[in-house]
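Protein chains in written order, with the numbering used here: chain L, -13 to 279; chain X, -13 to 279.
Be a bit skeptical, because a hint or two may be false.
[As the list claims (entries may be wrong)] With a Cα cut of at most 35 Å, we get these calculated DSBU-like pairs of lysine-lysine:
id: 1; chain 1: L; residue 1: K48; chain 2: X; residue 2: K140
id: 2; chain 1: X; residue 1: K99; chain 2: L; residue 2: K48
id: 3; chain 1: X; residue 1: K(-9); chain 2: L; residue 2: K140
id: 4; chain 1: X; residue 1: K99; chain 2: X; residue 2: K48
id: 5; chain 1: X; residue 1: K203; chain 2: L; residue 2: K(-9)
id: 6; chain 1: L; residue 1: K140; chain 2: X; residue 2: K212
id: 7; chain 1: X; residue 1: K99; chain 2: L; residue 2: K(-9)
id: 8; chain 1: X; residue 1: K(-9); chain 2: L; residue 2: K99
id: 9; chain 1: X; residue 1: K80; chain 2: X; residue 2: K212
id: 10; chain 1: L; residue 1: K99; chain 2: L; residue 2: K140
id: 11; chain 1: L; residue 1: K266; chain 2: L; residue 2: K203
id: 12; chain 1: L; residue 1: K80; chain 2: X; residue 2: K203
Derived from the structure by calculation, the hints contain no laboratory data.
Protein chains: 2
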Amino acid sequence: MQQIKFYSSINGELSAGGRAARLLQDRGLFYGHGLFESMALQSAQVPLLAEHLHRLYEDAPKLGINLQAGSVESCLEPFIAALMADGLQTCVIKIIVTAGVGGRGYQSPTPIKPRIICLSAPMPEDMAAQRTEGVSLWRCDYRLPVNPVLAGIKHLNRLDQVLARNEWQSSEFADGLMLTADDNLVEAISANIFVNTENGWATPAINNAGVNGVMRKLLLEQIFAKAAIPVVSRTINAAELTECKEIFICNSIRGLLPVLAVRGSSHEFNLDLAIGAQTKMLQSCLRDNYVGF
Amino acid sequence: MQQIKFYSSINGELSAGGRAARLLQDRGLFYGHGLFESMALQSAQVPLLAEHLHRLYEDAPKLGINLQAGSVESCLEPFIAALMADGLQTCVIKIIVTAGVGGRGYQSPTPIKPRIICLSAPMPEDMAAQRTEGVSLWRCDYRLPVNPVLAGIKHLNRLDQVLARNEWQSSEFADGLMLTADDNLVEAISANIFVNTENGWATPAINNAGVNGVMRKLLLEQIFAKAAIPVVSRTINAAELTECKEIFICNSIRGLLPVLAVRGSSHEFNLDLAIGAQTKMLQSCLRDNYVGF
């Protein structure tokens, strides 16, 4: 391959190299070749830090990215220290790990030198109200594609979520409900979902689509058990929703948000629910064990 | 939403803002919310410039990105002028258009302010040999998901291609053959595909998966007609490959590459072919009309 000088421009302005020019060549931007975590920094603590790091180290190799032990922590710790030094104790921290620069087109470089990016974002202000008062969901027309290889991974290919989220503008809907083409329930756009059906509590299995959410895992493995409520991960068809007694969505920033209503472009599957006693019990169980929820 | 200072770090190094920090917040990196074009600059010309720009302006709105008329040209022209001024007359030019910065999570900002990035990359050196001597393909185990909304668009969500391309390391295979889960042929990893079946020439329809390649379109709409060879776009099952007389792959950088062999992790569908007379005729027809192929 011939060696040529690398030229780049951003919005017409020629770039003279440096950090921005290197970022422009990143496989994260080129292909979405990477993963991310969004974590809550709550009163100077990241309550689910171990869980987020566990998922990141476990899933990165599925995209060919071998993260050296401790490499993410060595970036995250000085980053959090800098936030603290500026008096910022509560925000969202986003970690992006990409496959870095290089390779021949889609072929990865050998070895991949991961790029680890830490970012801050404001904590959503409406969380507390959403937890106590519940939320409404938009039932998205956009359908999640089935892909068993990528299912579960919180990777950077998120056009599905972008297109689904832009189906509505009204602040009436806090999140969207996502189905597969064969009407199986997957998740909300930025949260997982749990439903109390005629056969008890369940959350959609994520073998074909969806994200293996940190809060979903915590609920399945710990919180439901602490509340002595049985729960399973299984295929859930949308038709089951009409018989549901309670529904909530969850993620590691917002915690558990009870679902009061589901609306969509057809009226056929509209739902109205009350905040359930078991949802409240699970919220309380989570709060007892983890700060900030 | 509370306003906080934006903090970021790259590989542990805190960023003091500026261009790199803004790029870190780009929806292209966060979500792959954008599109790209790879074009050949051949002897100071971009032979398919109009076709690339047409696709970009047509597909960007499908991702909610409304590109102002002329906005890409106004970035591209000074970029090409800079290459020329440095004496670079032949290379690959990549244009990336992203949804820029902003929005609330997956929700797009209103309005989207697109970011237009121009990059140079070296022209592959092995093209001329591949055109005359043909190439071998790896039949990928990875299956392309079915998604009618995103099909056709050359968007930045390319993990499918990354994972498929990393199935083999050997230089024996120039590209990979990609199928859907139900064994329908879609394309090569970085090219479209045309096959001469028992029923004549065909290329896979791209309603459910695949990229609406500039070279594919040119072949379907002009080059086959100039060569007086009938061709259709239709569903093609992998089983039809065993009866094929000629196969070639194509894109707007490499032109038409005859396929001599297909191999995969099972021997069941291995194929061996000769370079066909009609493939040569199509190559020659393309070369007569467009410089550099």
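(request) Determine which of the earlier numbered hints do not hold for this structure and return their numbers in increasing order. (result) 6, 12
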